[in-house]
Amino acid sequence: MFSNYVKIAIRSILKNKLYAIINVLGLSVGLAIYLFGGLLSDYEYSHDSFFKNFDRIYTLRGNVSPQANIGVSQIDTVQSAVGPFIKSDIPDVDAVARTILREFLITVGEDNYYQSVRFTDPELLKIFDFDFIHGDETALDGSNGIIISETLAQKYFGNENPVGQSITLDHENDLTVMAVIRDIPKNSHFNSQILMSTPLGILIPMRAMERITEFQPDTNWGNTSSGNMTYVLLPPSLDQAWLQTQLDGIYERHMPDEQKEFMDSFEVRPLADANTAIWDMLGIPVITVVKLLGIIVLLIACVNYTNLATAQSMGRAREVGLRKTLGAGRTQLLLQFIVESLTITFFAMILALATLEIIIPLFNSATGKILNINYLNTLPWLLMTTMVVGILSGSYPAYVITKTSPIEALRDTARKGRAATIIRAIMISIQFTFSVCILAMVLVVYAQNDKVEESSRIFPKDQVYTLDRINVDQMTDRHEVLRNEMLSIPYVNDFTLSSQVPYEQTNSNIRASKILNDFSQTVNINQLNIDDHFVSTYDIPMVAGRNISRDIAMDTHLRSQGAVNVLINESAAKALGFSTPEAALNQVFYEDEKEKGITTYTIVGVMADRNILGLFNSVKPFFFFMRDASYRLASIKLSKNAPVSVVKDIEEVWHGVYPDYPMQGKFLNETFQKVYMIFDMGTKSLAVFAFIALFLAAIGLFGLAAFMAEQRTKEIGIRKVLGASNNQIVRLLIWQFSTPVLWATPIALILAYLASGRYLEFFAERIGLPYGMLLGAGLCGLLLSWMTVATHAFNIAKTNPINALHYE
Amino acid sequence: MLKLQDLTKAYRTDEVETVALNNVNIEIETGEFVAIMGPSGCGKSTLLNIIGMLDTPSSGHYFFKDEDVAGYSESQLGVIRKQHIGFIFQSFNLIDELTVAENIELALLYHDIPAAERRERVAAVMDKVGIAHRAKHMPSQLSGGQQQRVAVARAVVGNQSMILADEPTGNLDTAHGQEVMEMLQKLNEEGTTIVMVTHSPSHADYARRTINLLDGHVVTESMRSKI
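Protein sequences appear in the order of chains A and B.
The first sequence begins at 1 in this note's numbering and counts up by one.
The second sequence begins at 809 in this note's numbering and counts up by one.
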């Protein structure tokens, strides 16, 4: 019997190929997104589960006070001073360990590499059961021994056993390799907890940190850099709530008061949450949203299937009536129809899996994850999904078609009521509202990105080549040598040193006062250390006064002197209360540097406003002055016609000046792209989503049109007999079939208008309210809907009216 | 009015060819009332559909007002059809969502007639068939006889010179059937050509001429003097 059902199902699918294809496509899109959401969330929540103590390990985060005003409500770290208090105050915990991330220049023999390292407490090895290839858990017991990963061992020492070999940090500190561990799998927070990739490469004992960096981890209440962790291992008998109570106690007893203003409380999180910390910080539960979207999209696909299948089943009323007259029971008929939808769902599932097999590797290479479909483990889930979707979407059409009496069915008079059609139309309206709205947003976001890109051209970002990390002590002495050598290269037109280059999202500001010894009324001004060639390298015109010069002693700040001549930008002049740039000249402002005393800044020149931070930021007040040894970057300006090979020349010169340091060079455009990419990726994901939403909405509309067409064949027949031409019929139908879209469009556009207003507020330099684009999106949706229903309209208009009107 | 010459209609599927009409020769004069009779499957409805230009012949000639329309395209036929031919069906074929008046007006919508004139003509024709008091009702609120009267009104409201009726009384009881036949007779007396397919010999008696079909052939034609 069952095989008979399947046979009939497949035959009926083959008979209506177009419907079958549309149904399979629609459902497979829904299934693919649903499965992807599920896989992604499984993947994210199964991070680190290969560690033996996985469910006993907890990490600490800090809840940021609202008055701290740093844009996030949580940070993924607590101050490194907290760890020792856990050790001393809570004897019941099994182990506590901190990690602090830093980047160093590593020298092995003749070779230099930049590498991020983790300083850590030796108890880390009690918490995580790393897989030792060489050496053992005692590796960090000394103060010079380090652990390196398999990959780094291979990179630094080739195939030989590196234990006992030494490496040097920043040409100063020698450390000895004591152990090698296997690489941590990618699905660990060690690899993916923060956006930038900082895999676990080198572990150095925490007690070596002060010697190497002058940073005192045990007394640090000030620094909370993202990516620094505090881990706690609990015995099996204790749980998260208990640890939270203990930590609240530590917060009360030990947190300095000024820090309490910044951080409200500590929060204990299981290790499983560590890799999604970034989303918690931003307050967007991305994984939950992705999962929820998957379910919503799948539901929409199911509803669309139901619509289309119900419409299509109308045409089979006679078959059903016949079967009933021949003695088929209701249950058997229901089963037959459900088997049919199960068959469709089955094909859709196969297509969805095939799609995922293509998409997941692309996703993996774009995000550095290692998602995969483990068919053995997910088989029950896949089967359940197929069953549920098949039954869910197949039962309504099955119910409708089998409930009519055989006589009615044979007479083909089974017609659905208006109410059901209206509900369908509303659902399609909602889908179109949603998708046209996203489409409009895509256009707005795209145009705004374009605007950001366009404004960024104010700096010659393709002409400037920057060299990073030139602020190491041994390098600063030779900055002038570097300058002279670089300027001697053909096509190099200019050279400047600065503490920051455009597009870097760093704010280092002071509170400036115009009145000496009175700091009750201050303005925030960003500080940037530059040399005398910054304005020429970055094409910034002076609007008043003069540029700074190395020939004037007071233009260069020395540590011993409390005064310096500075440049400001127009915004700073305004912020400081000067009516014109000229009025600011030779005026002073002060900064209270506490122990170091008060510094006096004298304005000698005003630069035109240029958006140093660029991107979404507004132009901020800046002041600029020269201070040797404060420069982190060199910017080399090339002439427009410079050949690609000039980078080679730069590298050669670099190695001549700094033979011990690898060059960290890139075009300024790359600095820009690094941040711009986030917006760009946002737009692209949104575009993909808009495409999927529109596709599903179109399928839904197709189903609705099919349904209405089925209901109206008789009416159309009459109209044709009465003399309506094909064109008149097509116009009428297209118009009426797209009514749900006509309703949806204005609502979608209003929503998009409001949403784009909110979105654009984020940007200081923004496009005007994009009415044209909104209308364009609306038009797109309308055109798409017309194209979708046109097939039906033409088909009905083409049918010979006697087919519809003929009696049996 | 019209003349069918050696007209043949065959339906072809992959393997079988079914001949519905075979070498039919019929002439119908303007103002005639012709009944077409015959057993089920003899080709009555096919013949009516071809006369009504809802279908095209496989071969032969169809002269409508001396114009051979046999090879005309669908849209050309549509133009002739809406000017000259009105239809009445067994199952009435009114649109359920429109009122009586709107159903009748539908026939004028495709004729470029101003709204005011449309209303006048609809009102006039409703008076003529005696359903003016039902103008605002929906078809489902009417009896079968009333529905068919609406259909008749719709068929003639455009001043069509010929009415094709496919078993117009098939769904009606005797009394209502009688009523509709009398109405058709009255229209015929006013000059409208009527071609009617029917199974009922008594209703065929209203016609001046009866054509009997069997297996796609015209077997007999009988004239009768007016009753």
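Just so you know, not all the hints are guaranteed correct.
[What the hints assert, rightly or not] Here are some of the chain B residues that sit facing chain A, going by a computed Cβ distance under 10 Å: (1) R889; (2) Q891; (3) F895; (4) I903; (5) D904; (6) L906; (7) A943; (8) E990; (9) M991; (10) L995; (11) G999.
[Said to hold, decoys possible] Computed list of chain A residues with no C-beta within reach of chain B, every gap over 12 Å: (12) K714; (13) A724; (14) N727; (15) Y753; (16) Y759; (17) I802.
Just so you know, the hints here were simulated from the structure itself, not pulled from any lab data.
Idealized CB from N, CA, C, for every residue including glycine.
Hints, verified against the model:
| no. | hint | verdict |
| --- | --- | --- |
| 1 | R889 | holds (6 Å) |
| 2 | Q891 | holds (8 Å) |
| 3 | F895 | holds (5 Å) |
| 4 | I903 | holds (5 Å) |
| 5 | D904 | holds (8 Å) |
| 6 | L906 | holds (9 Å) |
| 7 | A943 | violated (18 Å) |
| 8 | E990 | violated (23 Å) |
| 9 | M991 | violated (19 Å) |
| 10 | L995 | violated (18 Å) |
| 11 | G999 | violated (21 Å) |
| 12 | K714 | violated (7 Å) |
| 13 | A724 | violated (5 Å) |
| 14 | N727 | violated (9 Å) |
| 15 | Y753 | holds (36 Å) |
| 16 | Y759 | holds (44 Å) |
| 17 | I802 | violated (5 Å) |
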